[in-house]
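Relying on the hints, combine the two individually framed chains into one complex.
Each protein sequence line maps, in turn, to chains A and B.
Following our numbering, the numbering of the first sequence begins with 2 at its first residue and continues without gaps.
Following our numbering, the numbering of the second sequence begins with 17 at its first residue and continues without gaps.
Calculated directly from the structure, the hints in this document are not laboratory data.
Note that the Cβ used here is the ideal one computed from N, Cα and C, for glycine as well.
Please note: incorrect hints may appear among the correct ones.
[Said to hold, decoys possible] A few chain B residues facing chain A, derived, Cβ under 10 Å:
| hint | residue |
| --- | --- |
| 1 | Phe69 |
| 2 | Ile89 |
| 3 | Gly92 |
| 4 | Pro101 |
| 5 | Ala108 |
| 6 | Ser109 |
| 7 | Thr111 |
| 8 | Glu136 |
| 9 | Ser140 |
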Amino acid sequence: MTRHIAIIGAGASGTLLAANIARLAQARVHVTLVEKRPAIGRGIAYAPIDPAHLLNTRVRNMSAFADDPDHFLHWLKDTAITATPDCFVTRECYGTYLNHILAPALADGRVTRLQDDCLSVSPTDKGATLELESGGTLIASAAVLATGHLLEAGSASGLDSPWTTPLPSDDRARIAFVGTGLTTLDWVASLLQRGHKGPLIALSRRGLLPQPHAASTPLRLSLADIPVGSSLLFLTRWFRSLVRSHTARGGDWRDVVDGIRPHTQTLWRHLPQPSRRQFLRHLATVWDSHRHRMPPSTAALMARALETGQLTLVRGAFQTARRDEAGIALGYRPRGSQRSTDIAVDLALDCRGIRRRPQDTATPYIRDLLHRGLARVDSLDLGLCFDPESRLCDAAGRPHRQILGIGPVTRAAFWEITAVPDIREQAARLAKTLLAG
Amino acid sequence: MLSMKGKYGLKAMCHLAGLPAGSMAQSSEIADANAISKKFLDTILGDLRHAGFVHARKGRGGGYCLTRPAEDIMVGHVLRVLDGPLAPIHCASRTAYHRCSDCPDENACSVRLTMLEVREAIASVLDTKSVAEMRRMAEVEERDAAAALHAS
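Chain B with its partners taken away, still in its complex shape (with noise of 0.2 Å):
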């Protein structure tokens, strides 16, 4: 399931991976250009530093930067360690497992069962788009959005 953790994270992953090579962006303004409150996505930030996905530098002209290319971080990994395991219910992970409070007998939930099957289909979707990718395909929406409207 997708919190409110791993959304803003993955749009703070694409604000940096706008960046010209070399500079860094302050979290406030990654906060306002992406309508996220600030201490939020600090908290977010310095998860995504211990995960290794960002460097963080502090004083002027610091801020935030990926540690590595944008191509080379795909969509899964970050929201793994954000969000916890890939899976549509809490049950559906053998890892971070938290039963439902009204399950009888979970080995036998056909429901759990099939999501089991499901998240390994999120894997293969997620593991494979990269966060540069995510940025092109926002790009590109937005710009026929705009053609079409000049075409209007």
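Chain A on its own, in the form it takes in the complex (with noise of 0.2 Å):
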């Protein structure tokens, strides 16, 4: 019998899981890709608003396929395109690198796409059952979250998404930014290189830019030098430590911070909840700085924007954004201070990142879960619960045997699951175990 296998959105974790089991499939499998936009591979992250917007990974670190690191790097020297493993792409590029991998098995059938929203999974004898916005009911053998990350509808907060906000006309509009990670400094190197002479207002918490990349060769870490399982506290100062005592002897921090991403799931898996509560309350913001850094062509241009003072960073807690005939009052409360104040500006750009309430997601089939108790928020909101080999968990805790996930929507499960170099050892793993049943 065929294995028919449902993946729920086609971004780049659906996409890298479709094509790990087209590769590894000989026939008896199929897969259906189901995705309300038109193209495939244009999640958030491949779905630039501006086409010069670059990866934050080098080349090298980029293939669709674990067993098969060089796979990217030689699809572009086939596609005549200039690229070294260790520079920085376009996000566009890689679009498009994710729509030529499918391309094979779209051809020739073992992966079919359909255009249609999910609003509704429901788990049955023989596998789940999706509910489709078109009327239509899809039968599978397994199903497969590829939601990426739950997003809250519209914007109750006031402010307008940054991935999907054109960039504005005027170059003179005063343009604020909550948040100062990876997406602010996309718009900015955009509106620079477009010749924006309008000021630009960075707003965060700590006011902390993303590290620039620097050349780096990553501590070879094993898992048996890492004191997995023990407190916050001391895996920081171990961390610290280590740092201290890497760089006395000349090596760069990046090295350490670069030794340890291999491990960042196991070490999470070990880490005690407390821990966890502490780790997202205090020094999420600084890690993910370190860790999320910037190529360093966006650095350069980072580093005169602020020099010439077109780009302020402020430092400050967001609050309210009001919108009115002259433009939008930006409230915040500055840093060491009671008292709120107000900024005006034309446009205000909600940068704060990708986690968000669990709850308040706007994807219809994740709430529908959620509401029927086959789905559970995790007890720190970072997601949906899933077990260690994916499968989604159930309100009491028990995990569906032919409902699981990929990629961001299982960050609760493992919090390093963000990046293309994660999500396709977990596509390879989660293809091998969809095509044993």
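Right, here's the structure in full:
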């Protein structure tokens, strides 16, 4: 009997999984990609508002296949795009690559795509059933949630989305960004390259910009070296002393951060619950600014904009965004102050990143799963609960046999599951599991 | 390499894992039951407290207890805190590295390279065995030994 696998979402995660399945499968397996957008591989990450936006990961780490690390580099060469393993290519280009890796399977029918929205997923004796917006029903041997980040509907905050709002045509517009991470930098870089003249204000609690990338030789740490299972305090001390001793020997802190990278999922799994909470509250932003770094060209651009004063960093807590005829009044409380204050801008963008209350998600079938007790949100509000094999857990914590998840939707189980190097590993594992039944 | 510190630390963790919920054990009690010097044990319990494995409370009714279920604490967690990186010989660690005094070139040392592999295996065993399981193993052995004695 042919196994039929339904993947909900054809952004990077869904596409990577479909491509990994197609690569392993001989016959007897069929994949349906359910995606409401017209394009494949164009989720938040790879449907940039500006085609010049760069990846934040080097070419050498972006292959779609964990066991073929040079696949992306070879594709770039074949496509006559100049690239080295260490360079940063555009997001646009990676979206094209994702389409390319799926093309053969789409052509010979092993994978079909369905332009539709999934409204509900239900477990059945033999697999799972999907109800679609068009009124249809899809019966599958297994369903995989590949919905990406669970973002809320519209803009309850009064801010606009940086991923769908087009770059403004008025080059004198005053633009504010809430958040000082990579999304803000993408925008600022685009605006500056287009010769924007208006002031740019970036607001965040600590005003931490991402650190710049630099040549790094990751420490080859083994899990045997890392004190997994100990408290956050112990772990942080250990980490800081390792950075100190490594830099004292002439190394770079990036070597240590990148040396930990392969083990972050294991670290997270063994980290006690109170420590996880402390990490999210106190350390996550600092870690993220060192872990999610910016390409050197972006760093140079930012330094210049800060120097000329066109870009200002404001430290404070965002409170409200009120819209009136004159524009937007962005309310915030400056760091160390009790009183709120306003700045008047023409456009205010929500660049606070991808960690949101999963209960507020706009995705209809996720709301439905939660409503019916077929899924639950983890105690840290990171996302839905999945078991270590990426199977979705119901309200009582029991895993569904044939409903799985891939990519950022599984963040609560793995923490570090946003970037392609992590997702492709998960895709390779899931492809094996799914083919085995 | 398992040091005395690591060994005694595991024994103390095992002891604490056997306590009824909500109760605490004093360090003198743990020391007596496991034939460990109290002074040494106090240092070890201090380290375990710093790493978040045990709670300590002073005064009457005070003592030590585990911070989380013994099922969630792996043997490997405890050993890394007490003995440093898991490694069968000192040079087989990349963070707490000590070269052997008689070694001309550690990068080409076949023993070291083999031991680097061995410690991956050590980690995979010790990171899946919980303190609770360790305690159960001992209880089963004890019961079997008693049964054998009874049968003979």
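Against the structure, the hints:
Look at Phe69 (chain B): its Cβ gets to within about 7 Å of chain A, closer than 10 Å, so that hint holds up. Interface restraint check: Ile89 (chain B) against chain A, minimum CB-CB distance 7 Å, threshold 10 Å, status holds. For the restraint placing Gly92 (chain B) at the interface with chain A, the shortest Cβ-Cβ distance is roughly 7 Å, inside the 10 Å limit, so the hint holds. Checking Pro101 (chain B) against chain A: minimum C-beta separation of about 4 Å stays under 10 Å; hint holds.
With 10 Å as the threshold, the beta carbon of Ala108 (chain B) comes within range of chain A, its nearest partner Cβ sitting at about 9 Å, so the hint holds. Restraint check, Ser109 (chain B) versus chain A: the minimum CB separation of about 6 Å is within 10 Å; hint holds. The beta carbon of Thr111 (chain B) is positioned within 10 Å of a beta carbon in chain A (closest approach about 5 Å), and the interface hint is therefore held. The restraint placing Glu136 (chain B) at the interface with chain A holds, with a minimum CB-CB distance near 6 Å, inside the 10 Å limit.
Of the supplied interface hints, the one on Ser140 (chain B) holds, with its beta-carbon coming within about 8 Å of a beta-carbon of chain A, less than 10 Å.
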